[in-house]
Amino acid sequence: MEVQHINIKIFAREPAPADLAGAIPVFHRWIQQDATGELLIDVADYRHVPEGPGVMLIAHEAHYSLGPTGGRLGLLYNRRTPATGSTREKLEQAYSAALAACRRLEQEPEFRGSLAFDEGDVEVIFNDRALTPNTDETFEALRGELEAFFASRWGQGTFVLEKTGEPRERLTVRVRRSPETALRA
Amino acid sequence: MKYSNQLWKQRLAGRLPAHLAEEIDVFEDEIELRRQGKIDERVFAETRLRRGVYGQRYDNGQRHDGITTRKLPYPEDKPTKGPNTVWDAPGMQRIKIPFGGLNATQLEVLAELAEEYSDGVAHITTRQDVQLHFIHLDDTPAIMRRLAAVGITTREACGNTIRNVTACPYAGVCRDQVFDVTPYAKMTAYYLLGHPECQDFGRKFKIAFSGCSRNPCALVRMHDFGVIAKTRENNGRLERGFEAYVGGGLGAVPYQAKLYSEFLPETELLPTLVAIARLFTRLGEKRNRNRARIKFLVDKLGIEEFKRLVEQERAQLPEDPRWKEALEEIPRYREEPRRPAALVEIEPAGSAEFREWLRRNVYRQRQEGYAAVTIALPLGDITAAQLRRLADITRNYTNETIRTTVEQNFLLRWVSEADLPAIYEDLKAAHLAEPVANTIADITACPGTDTCRLGIASSRGLAAELRTRLLERREPLDESVRGLRIKISGCFNSCGQHHLADVGFYGVKRNKGRYAVPHFQVLLGGQWGENAAAYGLAIGVVPSKRVPEALERILGRYLAGRQDGESFQAFIQRIGRAECLKMIEDLREIPTHQADPSYYVDWGDAREFTIGDLGVGECAGELVSPTEFQLAAAEREAFEAQLHLEKGEAGEAARRAYEAMKRAAQALIAHRLGRAPQDPEQVVETFRKHFYDTELFFDAFARGKFAQYYFNAHKRNGGPWDEDAARKQIEEAQLFLEAAHACYQRLLEQEQPVI
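In the order they appear, the protein sequences are chains A and B. Each residue of the first sequence is one higher than the one before, starting from 1 at the first, in the numbering used here. Each residue of the second sequence is one higher than the one before, starting from 1 at the first, in the numbering used here.
No lab work stands behind these hints, which were simulated from the structure alone. Careful: at least some of the hints might be erroneous.
Far from chain B, some chain A residues (derived; all Cβ distances over 10 Å) [claimed, not checked]:
id, residue
1, Pro-15
2, Arg-47
3, Arg-80
Derived contacts from chain B toward chain A, CB cut-off under 8 Å, selection only [to be verified]:
id, residue
4, Met-1
5, Ser-4
6, Trp-8
7, Leu-379
8, Thr-383
9, Ala-385
Okay, derived cross-link-like pairs now, BS3-like style, lysine-lysine, Cα gap no bigger than 27 Å in a straight line [unchecked claim]:
id, chain 1, residue 1, chain 2, residue 2
10, B, Lys-324, B, Lys-300
11, B, Lys-9, B, Lys-38
12, B, Lys-71, B, Lys-715
13, B, Lys-286, B, Lys-324
14, B, Lys-186, B, Lys-38
15, A, Lys-90, B, Lys-512
16, A, Lys-90, B, Lys-307
17, B, Lys-9, A, Lys-90
18, B, Lys-512, B, Lys-428
Don't be surprised by glycine CBs; every beta carbon is placed ideally from N, CA and C.
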């Protein structure tokens, strides 16, 4: 199955900061410093939108946003240009980029000590209804790739996959480390 | 082409209205031709603008990052998509929504597009359009196909065209209306879409419909052409028509529209618009873009002379059977409720929040037992998830009757009053029940520096800040202040309609030492009511960061100083500009950069303020003549010919090559004679007479050789073709097109400038 645009959302741990204003200077600095190695363009402020993207770092290859989409704060990596390689490689690329952004955000002065991400609580969103329609068949077709990828990251049998959302949404898979594994991590 | 875009093309093949499918195929060809450098960048820019594909800030490939202006290192292997516009830079897709009317399926598709191609947010504009930002040009045909599949076109959403035809969102349910203007707005929008008389304007042309003169919902008097529903007795019969206005507009120099006719019969609406379009094409300014809107023409001619010339044009118009056909459709327009009417006490018991929502957001319709519900969107923004929830609500409670509004909100119509408690709960669950409709916190703002090339200061940043402060106030606002309106533009071009607000702002820059400081000009006392009857008074500029204080002062002064029942407009008029200025004068002081650098940074930003990112706006479009468009269309035919040849379809390839030559010949004839014949025989003869016999088309070296290619192709057209012969004809067509471009250039050089 051809996959072009993988989004990864890594959820923030509770308690999460209520005010995201700090992300504005952070993302502007990332642009100044070429922090991600991607073509970073601008910062968009959507804090006024309930359960919206929060603060977005607009980029050519992928947007990053720190916001409460779906009602829970997290860092969303939203791939724009088609990534290259196999599905596994695309998952690796998106997850690594999202995780690196999370770690960097945690260390920024505006969020140090107040924002932490749980890398074991992730949503994988296939942002392309033509290639990856939101059906059980597509989920089953991609399950193996997802399991293999997260097993390589977290270890075999340490997580659960769950297809979430309603049919009109994009195919979304929640991947969570099982509680006992998460405790050990 | 991206694989998923190919899939959409395949999947939707045969499912789109034929004319829309063809238009999108043509646009896709044009993208490819531009990619190959076969269309001039200006022609391509205007072509995409006419499909609603707009530029965005930083698409010239550079941006000030707060320290220095840096090049954005986009891939360099692609052409520009317009003058100084980088192919890969994100752009905006404007989606035209005539009279703001949408249905649930359309809302769902907008949600999909926002997620897959944009940033997850759709934006409602001050002209009832929908905009998606951060779009890639290569995705636009797929976006257009998905929209066309649910009956939406983006055609003529931008560029020098008839823009979205707007209408009062309450039309049909309004208690004050004379009659429902919705079907008239719809008729006008689709009749004028792509109309040949509307393709050669010097600037855009905006039309609005209002059902009554009292309420502001359509802002007729700030439009290029606007009408207000009216009836009159005619031989015992009630005749429908319109009070018509022409030549209004905001922008840097706002003009109130002039009364064109106290009663324009409905039968004359379309013919009059065509006549105006012809006059605007003929006499409207084309060279000076700053004076090319029709308001300048009306001003220059005077309304009486303008009217005389329009009537002259009208008298010469050949009868179009569609005028009558369109009017016959009017009585068939119906909007039906989904649920039975219920007469209930409109302020029943319930939470304080619910009662406040009822008070602010709910309007009792003229039809007993039904209400219209405003969904107030913060800064016009709505997420994809909210759009889906709204689609459900629209289906569950209404017959899918929802409209966008010029205040960047949605209006749900035909809600049974019995359903109000339930719909409130559903809207609340989707964060769509904020009780701020028609209040001072329901602020309108253009995109400003967020995405607009022309933005000077952050209109959305300021709007978000004022909104937050107004909603978080501990002291409740006095009712006389709560009903005021705030509108903000990022520059003087007025897309935020700041002239019409009680309190308006537009972005400007001032310097302090060697630093630039974002400021806003303050305008007071504009009149939103009576279809935008009066424009606000500019009283002075305030640093952006002190605007919230300035607003507090202005509101406080009004509350303290107003006389019995005095409106805000009347109060401002009474105290005068000098007194208004005193209210804010001390706020104009700016601390040094060293003392307080926050003044030198705009709202919602972290960079040192600069106007170094200002670009050239695409609002004015590119001035591209119909001849250039026709020549581009001929190029497209030649391109199609090549594709058919590659597929082994020699006959079709040769036919397309011939068609390319014919279209180029028609382009030159139309340029020279005003109109070109359609019959192929006549095209050849006219071309021979005016371009071959006169040697106008002759190349210095090849002489009439290229024209002979066309004559030969004409003779052979329809005959059998093998691959070699078709290839030869394509090559000859290409040479003919080159000669046509050269001939056009020579003609332009010979011709005197049009005065």
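Each hint, compared with the structure:
1. No beta-carbon of chain B comes within 10 Å of the beta-carbon of A:Pro-15; the shortest separation is about 21 Å.
2. Look at A:Arg-47: its CB is around 7 Å from the nearest CB on chain B, not clear of 10 Å, so calling it non-interface is violated.
3. The claim that A:Arg-80 is not at the interface with chain B is violated, since a C-beta of that chain comes within 10 Å of its own (minimum 7 Å).
4. The interface hint given for B:Met-1 is violated, since its Cβ lies 11 Å from the closest Cβ of chain A, which is over the 8 Å cut-off.
5. Annotation: B:Ser-4 was flagged as interfacial toward chain A, and the flag holds, the nearest CB pair being 4 Å apart, inside 8 Å.
6. Taking 8 Å as the C-beta cut-off, the interface hint given for B:Trp-8 holds, the closest approach to chain A being about 5 Å.
7. At a threshold of 8 Å, the smallest CB-CB gap from B:Leu-379 to chain A is about 6 Å, leaving the interface hint in force.
8. For B:Thr-383, the interface hint holds, since its Cβ comes within 8 Å of a Cβ in chain A; the closest pair sits about 5 Å apart.
9. A distance limit of 8 Å between C-beta atoms decides the matter here; for B:Ala-385 the minimum to chain A is near 7 Å, and the interface restraint holds.
10. For the hint pairing B:Lys-324 with B:Lys-300, the CA-to-CA distance comes to about 33 Å; that exceeds 27 Å, so the pair is violated.
11. Restraint check for B:Lys-9 and B:Lys-38: satisfied, since their Cα atoms lie roughly 24 Å apart, inside the 27 Å limit.
12. For the given pair, B:Lys-71 sits about 55 Å from B:Lys-715 by alpha-carbon distance, which is inconsistent with the 27 Å threshold.
13. For the hint pairing B:Lys-286 with B:Lys-324, the CA-to-CA distance comes to about 33 Å; that exceeds 27 Å, so the pair is violated.
14. Distance restraint check for B:Lys-186 and B:Lys-38: the Cα-Cα separation of roughly 37 Å exceeds the 27 Å cut-off, and the hinted pair is therefore not satisfied.
15. About 50 Å separates the Cα atoms of A:Lys-90 and B:Lys-512, which puts this hinted pair outside 27 Å; it is violated.
16. Pair hint A:Lys-90 plus B:Lys-307 does not hold up; C-alpha atoms about 64 Å apart against a cutoff of 27 Å.
17. Pair hint B:Lys-9 plus A:Lys-90 holds up; C-alpha atoms about 25 Å apart against a cutoff of 27 Å.
18. For the suggested pair B:Lys-512 and B:Lys-428, the alpha carbons sit about 46 Å apart, so the restraint of at most 27 Å is broken.
Checked against the numbered hints above, the structure violates hints 2, 3, 4, 10, 12, 13, 14, 15, 16 and 18; every other hint is satisfied.
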